[in-house]
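K.L.:
Single-letter residue listing:
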Amino acid sequence: MTATDSTTSTVPPPTRGAAPHRRRNITAMVVIAGAVVFLLVKGITGSLNFYETVNEALKQHASLGTSTFRLEGLVKPGSIVATASGASFTLVEGSHHIDVVNTGTPPQLFQGNIPVVVSGHFASKQSTAFLSNQILVKHSSTYIADHPDRVKASNGTVR
Amino acid sequence: MKRHRLTITGWAAAVSLIATAILGILITPQDVTQKEYSRFLYLHPPMAWVAYLAFGVAALSSVLYLWPRTRREAFDHLALASVEAGVLFTGLVLVTGSMWAEPVWGTYWVWDARLTATALMFVLFLGYLAFRRTGGTKQNIARRSAIVALISFIDVPIVHFSVLWWNTLHQGPSVLTPGLSAQGVHGSMAWTMLLSFVAFTLLFCWMVGRRTALERLRASAGGSELQDAIAARRAEGTSVEVGA
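Protein chains in written order, with the numbering used here: chain Y, 1 to 159; chain V, 160 to 403.
If we strip away everything but chain V, and leave its shape as in the complex, we get (with noise of 0.2 Å):
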């Protein structure tokens, strides 16, 4: 993504993170069963949505990267930063959801499906993470980060239809139904949840575009430092030979 572009969507990013957080607090109703408690819809939902958002481009950056005509080394690069946003996030959804459940189911954890499939997502991407630091070259750790992602990723599906296929306590989704509406959401307290999918989809959006850059220059920063090595190691050679 180009710089301009980037820091465009971080200050647009900034602004809906903003503006959700004060209709959320200040003037969205409260609802009528949970109260005050509901006032994480406007958190938990959206995280959650950028946790499948971001496993989704580390899997599709993976299959372009494991594919021999389009493989780039940019592909691993965004699929590197995509998991790193995808854990943060999916961390953060099982922080808010304990949060969440215990003014109102009346306890911080379960082990239903839609839970347990939820930590299982979250130990597997974390896993993504530790298998990139074993060993190996550039293109062996890519290869091999790219298989465990897409292996990862069959859990995501799990995790959303969890809800739709199994008896459990947490409850339907609200928005990524399959109709794809917000009809048991009502009035200003819809608008709001959608403005803050649109708000957390754009602070992905630039997370991964700074981190992705971050990679690039990493990557290319370790290239030339090797070559500078190298050839450092050379003229010392040169010098000793000199000098004998």
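Extracted from the complex, chain Y is given alone in its bound form (with noise of 0.2 Å):
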């Protein structure tokens, strides 16, 4: 074997395997700079505010209209009704509070006395009554043993 042959034979040319290299590194990049700007822009459109509160809903009831948004507040005790097509029950803050009436399954934690968000709108201009198609729960960082002996205050909250 000549050195000629040597060289032909162990050291490939270094223009036959960079190309696609480069390519697949283009492509990479590419791919997460386009996953970058999907993800910045489904956070900016869909508003870093997830909802509004029910006080801020009712402050905002002109404005807002009959428009779709989330609203969060607590479950009242003992508002719960199921209907035919879902649920209806009463979201509190303080003392204000919003009449909603679901269409749709609730998850299997919906209860009383826990926050949840519902997507919907309302009624109309003139009610404050809000139809909703969708119920999250959103629970607290609070995590409570669960025991026979735990009970229920007047005002729902677990002892």
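Think of the hints as simulated: they come from the structure by calculation, not from any bench.
We treat Cβ as the ideally placed atom computed from N, Cα and C, and that holds for glycine.
Be a bit skeptical, because a hint or two may be false.
[Claimed, not checked] Listing some non-contacts, in silico: residues in chain Y with all C-beta distances to chain V over 10 Å:
1) A33
2) K59
3) Q60
4) V81
5) G94
6) D99
7) T103
8) G120
9) S127
10) H147
[Unchecked claim] List of simulated lysine to any residue pairs, SDA-like, C-alpha gap at most 25 Å:
11) K76(Y) / K194(V)
12) K59(Y) / P107(Y)
13) K59(Y) / N49(Y)
14) K297(V) / A33(Y)
15) K76(Y) / T266(V)
16) K297(V) / K194(V)
17) K297(V) / R24(Y)
18) K194(V) / A33(Y)
19) K194(V) / P77(Y)
20) K194(V) / N113(Y)
21) K76(Y) / G331(V)
22) K194(V) / P107(Y)
23) K194(V) / N49(Y)
24) K194(V) / G78(Y)
25) K297(V) / R23(Y)
26) K59(Y) / K297(V)
27) K194(V) / S79(Y)
28) K194(V) / S141(Y)
29) K194(V) / G104(Y)
30) K194(V) / V81(Y)
31) K76(Y) / G343(V)
32) K194(V) / I114(Y)
33) K297(V) / I26(Y)
34) K297(V) / A28(Y)
Make one complex out of these two single chains by using the hints.
P.N.:
Structure follows, in structure tokens:
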């Protein structure tokens, strides 16, 4: 074997593998840049605030009109009534409240005295009744051990 | 990290993870509202903590690499190892978060500020790993990657404070609160959760220690391979001359 043969058989031309490698890198960067832009747009257009609270929604009732938004509040204990198409209940925040009529099956943890986020709109510009088609349970960062002696206080809190 | 210290860290991680699993699954009570789903408490938050820690270590290592007085190749290796672990744990945070969210919230995913910023953090640091595979000398790659790591790190505090700054479906922090207390988590659940934080931190230290050592070996092997190849080519040239 001559020196020339040895060179051609052991050292591949430098340009042969470089182009696909560079193309692969560029493709990866484009995909990642696209994903970042998508997430940014999604985050910004979705609004940084995921919901309006009961008080915020009542204050902005005139401007919100019948447009769709997410509403957050505490489910008033004892207010849940099963309906043919879902459930109706009352959301409270302090002394203010909004009556909600939901269409669809609530999540399995849906119950009284827990915060929820409902998606929908006011029934009309004059009415504060809220028509929703989705309930999301917003659980707190509090974790209380479940045991048989646990009691519920008159205000619905667990002791 | 010394080899025997790394071994001890690995065993400590294994023991504490097993203890967390036993306590978390068999011993601790379920939460009064979430019932059995509350056991994600010993998996999801510690993984998120490790992701923060990993990207924090990567950012600090990147600063130390960029600062001329402290520049060492070891800091680049540490940044790479930390980001790899961070990306892995962020991916697991997203998966376990979705698994927890579906039965509790009623949906796998929402585009609230916390979840969107976490997904962005995953993609940004995945981009860091892709960026390292672009061409250039080792020094160039290390310097550029350090800058990418620092830019990407901006998103980490946004992820953590998003639940305090904006209205999100995701609940507020349970442990990493402004007062650093776990008062919202009761009794043995709190201790088990804190143990899970220790366990996953030890696991992170072991993984990064192993990965850093591997990268150091690869760097030294890569260097000697090149020197060996150059020496072989020179020897080949000499032998041809002798043969001619």
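K.L.:
What are the numbers of the hints that this structure violates, sorted from low to high?
P.N.:
Hints 1, 10, 12, 16, 18, 23, 26 contradicted; others consistent.
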